[in-house]
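Construct the complete structure from the given sequences, taking the supplied hints into account.
Chains as they are written, first to last, in my numbering: chain A, 1 to 384; chain B, 1 to 364; chain C, 1 to 535.
Wrong hints could be hidden among the right ones.
Unchecked claim - Here are the simulated lysine to aspartate or glutamate pairs, EDC-like style, with alpha carbons at most 20 Å apart: (1) B:Lys178 x A:Glu309; (2) A:Lys240 x B:Asp166; (3) A:Lys344 x B:Asp166; (4) A:Lys189 x B:Asp166.
If you are wondering where the hints come from, they were derived from the structure by calculation, not from laboratory data.
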Amino acid sequence: MARNTRIIQLIIILILITFFFSGCWNYRELDDLAIVTGVAFDQAENPDKILMTTQVVVPKNLGSEGGNGPTFINVKSTGFTVMEAVRNYNAKLDRRPFFPFTEIVVFSKEIAREGIAPYLDFFIRDPEPRSQAWIIISDSDAQDLLEEFANIEGIPTRALRQMIERQQGAMSNIASSDVVEFAQAFHSKSRQPVASIIEIKGEGKEKEVLLKETAIFNEDKLIGTLDRSEGRGYLWIINKVESGIIVVEEPGLSNDKISLELLLSQSKMIPRITGDKLEIKIEVSMESQIAEQMGDLDLSKHDVLQSLERRQAAVIHNEIMAAVKKAQDLRTDIFGFGQAFTRKYPKEMRSLEAKWDEHFPLIEVSTEIKSSIRRTAVQTRPLT
Amino acid sequence: MKLEGGKIPANQLVFLIIGFIYGTVVIINPGRAAGNDAWLAFIVSMLVGLCFAAIYVILAQRFQTKNLLEINDLVFGPYLGKLISLVYLWYFFHLGAIVLRNFGDFLAGIIFPETPISVFLITMVLICASAVRNGIEVIGRTSIILTIITTIILVLTSLLSIPLMDFNNLLPILQTTKLKEFLTTVLISATFPFGETVVFLMIFSTVNNPKKLKLTTLIAFLFGGGLLLIQAIRNIAVLGTLMDIYTYPSYTAVRAVNIFEVITRIEILVVINFLTMGFIKVTVLYYAVSLGTAQLLKLKSYLPVVLPIGILMICLSLLQFESSFENSYFTYTIYPFYALPFQIFLPLLTLLVAIIRGKKGVPG
Amino acid sequence: MFNYLAKKFNLVRLLRKQSTQNANGKKQSGLKISPHLKQNLETLKKTFKESNDFVIREFSFGSKEEPINVALVYIEGLVAKTSINDDIMKPLMYDSSFAGFINTYQPNDIIAFIDERLLSMADSIKVSNLEEVVEGCLDGHTILLVEGETQALSISNQGWERRSISEPQGEVVVRGPREGFTETLRINTSLLRRKIHNPDLVLEMLKVGQKTRTNVCIAYIAGIADDGVVQEVKNRIEDIKTDAILESGYIEQFIEDAPFSPFATIGNSEKPDVVAAKLLEGRVAILVDGSPVVLTVPFLFIEGFQSAEDYYSRPYYSSLVRILRYMGFLFSLYGPGFFVAVVAFHQELIPDALIITISSAMEGTPFPVALEAIGMGIVFEILREAGVRLPKAVGQSVSIVGALVLGDAVVSAGFVSSTMVIVVAFTAIASFVVTSHSDAESIIRFVMTLLGSALGLFGITIGTIGILIHLSALRSFGSPYLSPLAPISWLDLKDTFLRFPLWAMITRPKTIGWNNYQRESLDLIPKPPQKKKDK
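Written out as structure tokens, the structure reads:
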């Protein structure tokens, strides 16, 4: 029994100790924190400094019985390093900025051209920020993206994040990566990162924000872009196409268009080394359905369907080849061809890896596309 | 004279060993030098560890109800035996302090950056002390529940991170790492955690069915090692090339989990795992040191030495490293060579001398 | 301060001395019944301090020449008056003389004669000691003393007002028997007998309480219950040297294994079917006169999660409900503590979808969240206590005022965040799921809240480990409290997290009734009847 008393004493002492002596170290109330939903980096006036803009939500005006004030505020701060800029917020903001809910990180194009790795270190090293934030390259100043624009969410950063995620699921023609994916690619010798570019159009009330294209990087430096069809080509290669519309022309004389909605797609890259030649074959197998027909051809015929399938394959082939050409011109292996070779030919790659940017443009890329059209939605014949 | 009257059934020993093997490996990754071959290195080191364990079990079964210190006395005679026992006790004590420090470093470094490290050490030692005072039976029972919880969490976090996994990251096998790095990793993981089970020589004698020891240890090693293997594979598959830049890969790997925007940031589960398993590891070491000290000093009960040893352990773990960098340098470079004599040379020597001198434990 | 302690210490020492003296000097006075009736009656009167419910009825019967003087003594209110009139006095005074019985037989041993020939009572015993007479009276017996005899008849015709058998309020079931134990020991034992028609059901009677002399009955099934446990229960109950046993709770507190633990190590139930089931698993029941609550030992942690209805309804839903009970238990332990830890230390754990909601609710509340949680916890306990103690009608309105009006007002006034009210309210509901451990739950909930607000999840994990250590160190009458979880016993897990079908529960719980473990035959799974072959 005496043993039990001792335990109880121990527990009581423990509680007292913990409660009275440690009650304030890491204790921070939720209403002492400014929840950061997005961060933007620009070049400050002083060229050595960083201009950091953070978007912070104002919970008072959100929620079920929210007030009428603004739902978010943007706060600017400068510093020689990211951490210094973060600390400088304490002189500007009435609450401590809190990063785990950061959804996007925006960089201006100038910064992206000089390299964004120095900024990303903060997001990977510090335990607080979330490493699943999307990386966005802004066409104009990064801070402008955080300003109010027409959206349903009410908070620009949230809207941007939703846009990126919707885009991936419904269109799949602009590639995007989050901090970890970017860092993984950056860290790897045989793969280069990509990110999405967002553009601002219009002014004031007509201001519009749209996902424009895919940025491609060499190491951490922005060196070029992929337009939407090249972007999808890129996604075909890395097996990230989830959905989308493939527009083909009707077989026959009329130039009427047919929209094919992508249902399923799988792709693989198969590297091969023969002698000195590096080859890679992209195997895509995909399935789509006819979602829309502008002309009046009877699509229920077998040969028509077959020819549609061939046209579909051609579209995909062109997209892939366009993306490859762009990347090879820029000598940046965004596809991870190098990784594919490393996995299959580790010994050969040991010598090739060092000068991969010279070998990459020489890779011969071929495609093999299994294109099929399964259903014709609810119609089998055109309206007319 | 028996200081510990308690007996634990063999199935509790399984959980205790599993918990001990999990220990700090739940969060600290001994295999990071081997990059994406870490999981292979892990399998090899598990086999090496099993060889270590075989020596311990043979030793324990030869001397039935005797624990490590009594074996030493029997084999090396009272004076040399005492000296060797003292050396062992130092190792257990030091290991306990290191584990405690790993604890503190992680908690104070990542989870509670503004809280002084001593708070965690003191709290932890207090709770371990209460377990140690309750004896081996209670430690055994507590370990069952904690180990089961940890296993569930480990499997759960691994399942939840399946969407993040890219098994291509495991390829190519055995090509990118150099042999030297691979062997170093094997050595590190064999000594930490598997070789550390040498401390169970203090506990094997309390198992009520010594005949089952072999099977028990084998099951525990395979199960515990298997789960750690799952963890290693998960970490490589999720983190890919970033594996070697993170200090705590398991922690970082599950950070990315996001299921329906609701189950997010479950890394705290990994922290809970770390806490509970670290508790088991510290408790086992702490118990061994307390029991051994009492045995050396010929006390009637080990209870009076529990708290003083705990205080000393806190002091040592606070003083031994200046910073967490020093700690991880020690863990990855010095520790394996420091631990090898205790984990393999001394037990092997004991066994050989015992065979040569024909010493055996009297059953019962 | 020291003075006070010294005094205390002296008092304890004094009491020690006294009790040893008592033990030495204590001998049964053992006053024999004297042949003089008057003298006996005087002694009895003195013993009862002339209380006016102590009744002496003197009369005589037999022949006029040699009348037999007798006296009936009893305590008004404890005996059935009609039975005294019809079954004791009438045979003696009327039937005997009418038949000229006494004259014919001229008995030598009048007591035996009365007992064997005259009284039409089922239960009577001979006593020869005044102690026993007094005890008999107090138990509600009627005592017949006869002039010139050194023995007396103690006739059992108790008949006091008793509550009829009704459904226990604390353990309501939808399916299953409705009857519950009452305050009368005999009725309670009869309820058990009616469940278990087996001579192996042993009921042993003990008297406990130096002043109250309460009847305590130990029930067990010979051959299933462990003899060691039965003996241990008996020893512990016999060792109770106290004034009064007013309720089985007194017994519980004197014999429990872990008096310093918040967890109960002795189970209780008001339902005969529950107690019968526990007896059949090899447990020992302790029935106390005057209390409808029957104790069962050994009591394991998991018993708190089992309910009688689990076994009456089919296994699938029972298993689901049982898992829900564990979840409710965990939630009620950790709810507020975890919430405080997350909101004050680990905000990054809040799901994205909730962060805005929670933080806008927290906005502008004046108190730290830890204080809110503890304060609301206290308010809840007060409300609960008020609701329980008040009469039913008032109690309900208290809970409505408390829950709805107060909760709403507190939130709209901005004192407490609405999320906190939700957490506390749900915790409150969850805590009613497992009633056996509810007192431990409340205490641990507060401890967890404190730990959570001091050290976040680290504190909570440490607290949990501490509780686990404590629980694994507990034993209840030799059985480890946490079994079958720790030490693990695979066979017994059939009735722990899931409730296996009855036909699959082949063995009795290992830790309790292992000396006779098979409880049913192996092949009980229902099967469709074998089809007869068509000719």
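Exercise for review: Take the C-alpha atoms of A:Lys189 and B:Asp166, compute the straight-line distance between them, and say whether it is at most 20 Å.
Suggested key: Status holds; Cα separation ~18 Å.
Check your understanding: Keeping to a limit of 20 Å between CA atoms, is the pair of A:Lys344 and B:Asp166 held or broken?
Key -> With a Cα-Cα distance of about 16 Å, the restraint between A:Lys344 and B:Asp166 holds, given a limit of 20 Å.
Practice item. Sort out whether B:Asp166 lies within 20 Å of A:Lys240, counting only the CA atoms. Key: Holds, at about 13 Å.
Check your understanding: Within a Cα-Cα threshold of 20 Å, do B:Lys178 and A:Glu309 meet the stated pairing?
Key -> Violated: B:Lys178 and A:Glu309 sit about 49 Å apart, past 20 Å.
Hint 1 alone, counting from the list given before, is not met by this structure.
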